[in-house]
Amino acid sequence: MGPMDTNNEGAVRLAAAADRSRIALILSRLMRHPEFGALVGTLAVFAFFAVATAGNGFLAWRGVTGWLNVAAELGIVAVPVALLMIGGELDLSIGSVIGATSVLIATASGLYGVPLWISIALAITLGVGVGLFNGVLTIRTGLPSFIITLVSMLALAGSALGMARLLAGTPNVSLKVEGPLRAVFAGRWQQANVSILWWAAVSLAAAWVLFRTTFGNWVLATGGDARSAREAGIRTDRVKIVLFILTALAAVLVGIIQTMAFNGGEATRGQVYVFNSIIASVIGGVLLQGGYGSPIGVAFGAATFGIVNVGIFYTGWNSDWAQLLLGLLLLAAVLANNLFRRAALSA
Amino acid sequence: MTGETMGSSPPIIEARGVSKHFAGVAALEDVSLQVGAGEVVCLLGDNGAGKSTLIKLLSGVHEPSRGQLLVDGVPVRFREPRDARSAGISTVHQYGGTVPLMSIARNFFLGAELTKGSGPFRRLDLDRMNAIALSEICSLGVRRVTDAARPIGTLSGGQRQAVAICRATYFGARLLILDEPTSALGVREATTVLRLIAEVRARGVGVILITHNAHHALSIGDRFSVLSHGRIAASFDRGERSASDVVNLMAGGVELASLEQAPEPFPRTASA
Ligand SMILES: Nc1ncnc2c1ncn2[C@@H]1O[C@H](COP(=O)(O)OP(=O)(O)O)[C@@H](O)[C@H]1O
Ligand SMILES: [Mg+2]
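Chains as they are written, first to last, in our numbering: chain A, 1 to 347; chain B, 1 to 272.
Every clue listed holds true.
Label pairs and their computed distance ranges (CB to CB):
#1 A:Ile-26 to B:Gln-68: 58 to 66 Å
#2 B:Ala-131 to A:Ala-343: 23 to 31 Å
#3 A:His-33 to B:Arg-16: 49 to 57 Å
#4 B:Thr-146 to A:Val-128: 43 to 51 Å
#5 B:Asp-147 to A:Leu-288: 27 to 35 Å
#6 B:Gly-119 to A:Leu-166: 39 to 47 Å
#7 A:His-33 to B:Gln-68: 51 to 59 Å
#8 A:Ala-50 to B:Ala-112: 44 to 52 Å
Residues from chain A that face chain B, not an exhaustive set, calculated with beta carbons under 8 Å:
#9 Arg-212
#10 Thr-213
#11 Thr-214
#12 Leu-220
#13 Ala-221
#14 Gly-224
#15 Asp-225
#16 Ala-229
#17 Glu-231
#18 Gly-233
#19 Ile-234
#20 Leu-345
#21 Ser-346
No wet-lab data here; the hints were simulated from the structure.
Glycine included, each C-beta is placed from N, C-alpha and C at the ideal position.
The task is simple: from the sequences and hints, build the whole structure.
This is the structure in structure tokens:
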């Protein structure tokens, strides 16, 4: 540093202040992006396991595809669940839809020889039906969707199990699928599942819909302030019904993928996705109160989930610790999301 | 004066002898009100007087139990708020009916989004939405808003109301109903909103302003109606009453006057 006169000093101080305010501006801009925090979380967790597993293969192709596969199947449901949460509702029935889909397809095609595309069409119809049921009942009764979808979760899980036992005599019905349909839903390339592509497609499509379409604007408004949305002429009930149908359809997709990947249907499969999708959404920056969040953020949330669950395995520690870590991440995310929300409103 | 316009063309909206009963209880009884173009009508009255009920009839939230609504002199029935809105009647609530975490422009065009492209590529035209929202807000004299991509929740209450008023006029509102817009605002903010109402009036929009603040009412109102227990207790034009008259009328007139004349002191010592 050379000698400076007072004028110069003032200029430097001004420039520093301008720099600081530019940093503040950039920060506040970033905070307006709900996926920013999720990206930071994913990178941090990845870095943690990269160091903690040093040289154990976590960074090798096998490790990378391992967590990508886990993240993909979770992400496919978590992203639509996040859209629904942004719209102000919850869906606990997705796990049962996954199980029911797999039982339906395996029973129809495996046991009765129904062509696979017809079973798939039936499963899609089931998904639309469950979504309609959840949406219409939530709106008509005015009850929390938590309760309504808990009801459909139980009812559907019970019927799927009952049907499987009744028709196949076992809760696990096997079905072997080969050919192009398998490639589309359960294809594999060097340990990487094709579901990774589905995950990317669902995330990008959802981001496009939420931030770039009229419907997305309505979703943000419905979850952000339903009264204002209705005053602006938005049919918030229709918005919610569409979102419930989308979560159910995403669950059907995961159900189809799993039926083919595991060569059969199982009624109880899929229940883990119920809370995991909410975890991925919140870690992905979705506000539990609704009205704020990003599908890309949730894709990162699912990635974080995959990294933790697969990363633990590469550390050689007991996998119980993964749950603890996820719990801590969830807590950090909830706190950070509220902080971000406040920052976005004070910027 | 606004009398000239009243004589030549029918009022934008007129309530003719409307009543509203809720489960047998009369919230409004035989109330008449007219609002012409470029006119600010202030609706005054104590809590529970029936002000909100009256504007709910005018904006299609409720239907009158008796009486008639006329738009441009033609009898109408509003079955839902949508009907009133398509007749050019727009209601702005205390917080402007806005969604805090959405951008100013997204709020401005909520329910009437601008799009570009077609088919599956049809998408929001965010650039145009931002530009139009900003220029509309500035043209009504709200200068402190400089970036329409900011969340609207970063604005103050008065600015949010201003955005909502701009939005209503941009989408062709001919009658603006404001239910207590200034009650939650500080002095400067309230002034901003009142100035905006004057600007909107100058453009020929009719305004119904509900307020508890006699000074706000007197500073902007052309005509005044005081509701009391569901009935019109008084109607007068600008300049006919003083501020203290108006305060008295709003508080139910007689009772307040007698209270003032007989200030019975409350006992200061225990009576034991
Ligand atoms: N939806 C309703 N159901 C029953 N009573 C109502 C309803 N809305 C208003 N009221 C009654 O009508 C009267 C007038 O209320 P309101 O129009 O809200 O008064 P203000 O806006 O002047 O304070 C009150 O006694 C209120 O309790
Ligand atoms: Mg009221």
